[in-house]
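Asks: Here are the chains, one letter per residue:
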Amino acid sequence: MKNAVVITGIGLVTPIKPFMGVDIFWDALCSGEDAIKKVSPPILDIDREWLMAGIDMSGGHAGLQGGCPEDKLHILAEEALSIAMMDANLQGDLTIGLSIGTVLGNILLKEKRLIRNKDGNITGESEEGESLSYINSFLKAKYGLKGQGISVSTACASGTDAIGIAARKIIAGKSDIMIAGGVDILSDFAIIGFHSLQALTEKKVQPFDKNRSGLALGEGAAFIVLEAEENAVKRGARVYGKVLGYASRADAHHLTGPHRGGRGLADAINEAMFQANLKPHRIDYINAHGTGTVYNDLMETKAIKASFGDAAYNIPISSTKSMLGHSFGAAGVIETICCLLSIKTKVIHPTINFEERDPECDLDYVPNKARQQEVKIAMSLSAGFGGQNSAIIFGES
Amino acid sequence: MKPVVVTGMAEINSKDMDSIIPNLNEHFREMRFIHDVEKLAIAGVGLLLSDAKIHFPVGSTDIALYIGIDDAIEGIKDEYFNSVIKYGILGSSPLLFPFTSPNAVAAQISIAFDIRGESITIPVKYSCVDVIEYAVECITGRHSRMAIAGGIMSSGLRNKGLRAEFSLLEDLESAVGRGARIY
Chain G
1 MKNAVVITGI GLVTPIKPFM GVDIFWDALC SGEDAIKKVS PPILDIDREW
51 LMAGIDMSGG HAGLQGGCPE DKLHILAEEA LSIAMMDANL QGDLTIGLSI
101 GTVLGNILLK EKRLIRNKDG NITGESEEGE SLSYINSFLK AKYGLKGQGI
151 SVSTACASGT DAIGIAARKI IAGKSDIMIA GGVDILSDFA IIGFHSLQAL
201 TEKKVQPFDK NRSGLALGEG AAFIVLEAEE NAVKRGARVY GKVLGYASRA
251 DAHHLTGPHR GGRGLADAIN EAMFQANLKP HRIDYINAHG TGTVYNDLME
301 TKAIKASFGD AAYNIPISST KSMLGHSFGA AGVIETICCL LSIKTKVIHP
351 TINFEERDPE CDLDYVPNKA RQQEVKIAMS LSAGFGGQNS AIIFGES
Chain V
398 MKPVVVTGMA EINSKDMDSI IPNLNEHFRE MRFIHDVEKL AIAGVGLLLS
448 DAKIHFPVGS TDIALYIGID DAIEGIKDEY FNSVIKYGIL GSSPLLFPFT
498 SPNAVAAQIS IAFDIRGESI TIPVKYSCVD VIEYAVECIT GRHSRMAIAG
548 GIMSSGLRNK GLRAEFSLLE DLESAVGRGA RIY
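Those protein sequences? They're chains G and V, same order as listed. My numbering applies: residue 1 is where the first sequence begins, and numbers increase by one. My numbering applies: residue 398 is where the second sequence begins, and numbers increase by one.
Think of the hints as simulated: they come from the structure by calculation, not from any bench. Keep in mind that the hints are not guaranteed to be accurate.
[To be verified] Calculated pairs, DSSO-like style, for lysine-lysine (alpha carbon to alpha carbon, straight line, at most 27 Å):
(1) G:369 - G:38
(2) G:305 - G:17
(3) G:17 - G:37
(4) V:522 - G:142
(5) V:483 - V:399
(6) V:483 - G:146
(7) G:112 - V:483
(8) G:174 - V:483
(9) G:174 - V:522
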């Protein structure tokens with residue numbers, strides 16, 4: 001990418017060691033801590049157990065009806081955003097923009113309204129706070145961010161696209177500093193929806209394993225501070241890494257299933273590599289979308305092979321979702337932070353629950369144990385409903 | 398800066414969409430639509446590509462989609478969740494649930510017209526100005542050569558219907574190269 005964009009701040013709240021800071025989160029992730037648990041939340045009148053990774057805010061089943069505050073989305077987003085801003089040491093009269101990826105937004109408010117009005121069968125425009133664009137305007141006002149605000153909703157690629165858009169805004173000269181992030185929370189709406197699609201595992205999340213049986217839902221918030229390298233140097237900011245390339249591509253295939261050959265994801269990888277002007281052997285690590293569903297993991301493996309050729313077999317690939325579940329709009333940003341921390345700490349976190357090799361998924365998925373390895377360039381992949389595919393590449397500063 | 402030009406425009410209201418779909422081609426006449434939002438989007442983009450003299454199915458990554466959507470999507474969510482509230486877990490429709498994601502509109506456009514370029518959905522409130530601006534930035538930044546930019550809006554309409562507005566944005570060189578009419 002022309003006009004280098006660097007990352008100068010990171011912040012997140014995830015189901016692993018929530019509210020305890022980035023370093024403690026990273027240590028736990030690298031030790032293979034599994035946040036996915038079987039719980040029996042009070043979802044409507046349905047009596048059953050579900051595997052999921054929730055953030056415990058109050059001792060109850062966080063994120064689920066009756067067990068958490070309605071404004072959980074805002075609490076998580078504010079916490080992660082504050083950490084990132086403090087980490088970047090943003091001071092003075094700066095014009096800062098905000099790019100946020102979210103899929104469900106504050107769905108809890110909508111759920112409560114619909115349940116409250118269930119006899120009236122209410123439909124129509126959302127109420128204040130429910131709209132997907134609301135969280136952006138709320139955070140901009142709360143933190144006095146005077147730059148452009150943009151919301152992104154590209155299903156499970158939303159977080160990655162929010163970062164890519166923020167980087168392009170800086171390159172286009174629209175802003176010197178952009179904060180990019182993602183936030184989504186667990187809800188009855190999502191759990192029942194993914195259940196109806198038979199996408200949820202009833203055993204455990206096992207990305208790339210032969211016996212993988214589905215994903216688990218999660219939640220979280222994550223933000224990073226991006227700025228023009230020139231600006232970061234001028235104010236003496238600490239730099240985590242550079243954005244080297246980013247691309248989004250559509251499968252144009254099916255609303256819920258990925259293209260079986262990974263066509264769209266391979267297109268996104270190839271374009272991001274072209275923008276970064278990199279040859280395949282230069283990639284030291286890939287943070288996979290790695291949901292643990294049969295079709296995603298096979299598609300992703302095929303896409304990586306199609307793009308990298310023989311070099312694919314030498315690139316360590318791991319799945320953050322094996323430990324955190326799938327946090328929708330937050331996932332891509334959490335996984336970006338994992339890439340940056342791998343560059344910083346020279347450690348690659350594992351893919352946990354990896355037990356039996358799938359002959360068709362035959363790459364190096366860093367099974368069960370973290371790996372000490374120098375990472376100079378890392379790529380994060382995201383895919384989602386509607387055939388969304390995104391690839392973003394980061395390099396050491 | 399790379400000049401960006403408009404080579405196609407389309408505007409359509411939901412009350413007119415049923416008359417548009419049959420005129421596209423046989424493929425679209427056979428499509429089954431779950432919700433008016435996607436039907437309107439397909440009709441709008443069909444009109445746009447015809448206006449811009451772009452043949453479809455496109456079958457390449459040459460065209461990007463930058464789609465804004467306001468609370469038009471909320472009606473689908475309400476319909477889905479009201480059914481769950483009424484019938485419990487059996488009320489959860491695996492057909493309808495995917496359409497509760499705002500990017501389902503862009504997804505259906507990409508599938509229907511085989512458009513494989515960038516696909517970005519931007520939730521908006523009152524206008525699609527941010528969407529158009531980003532599309533222009535992507536073309537000037539050479540991330541896309543051509544872009545369908547616009548959106549589906551429900552607010553501000555007296556008849557409570559939906560409105561779709563799309564433009565085809567293109568870099569000048571590309572437009573001149575294919576002899577496109579420039580608005």
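Asks: Mind listing which of the numbered hints don't hold for this structure, in increasing order?
Replies: As far as the earlier hints go, 2, 5, 6 and 8 are violated by this structure, in ascending order.
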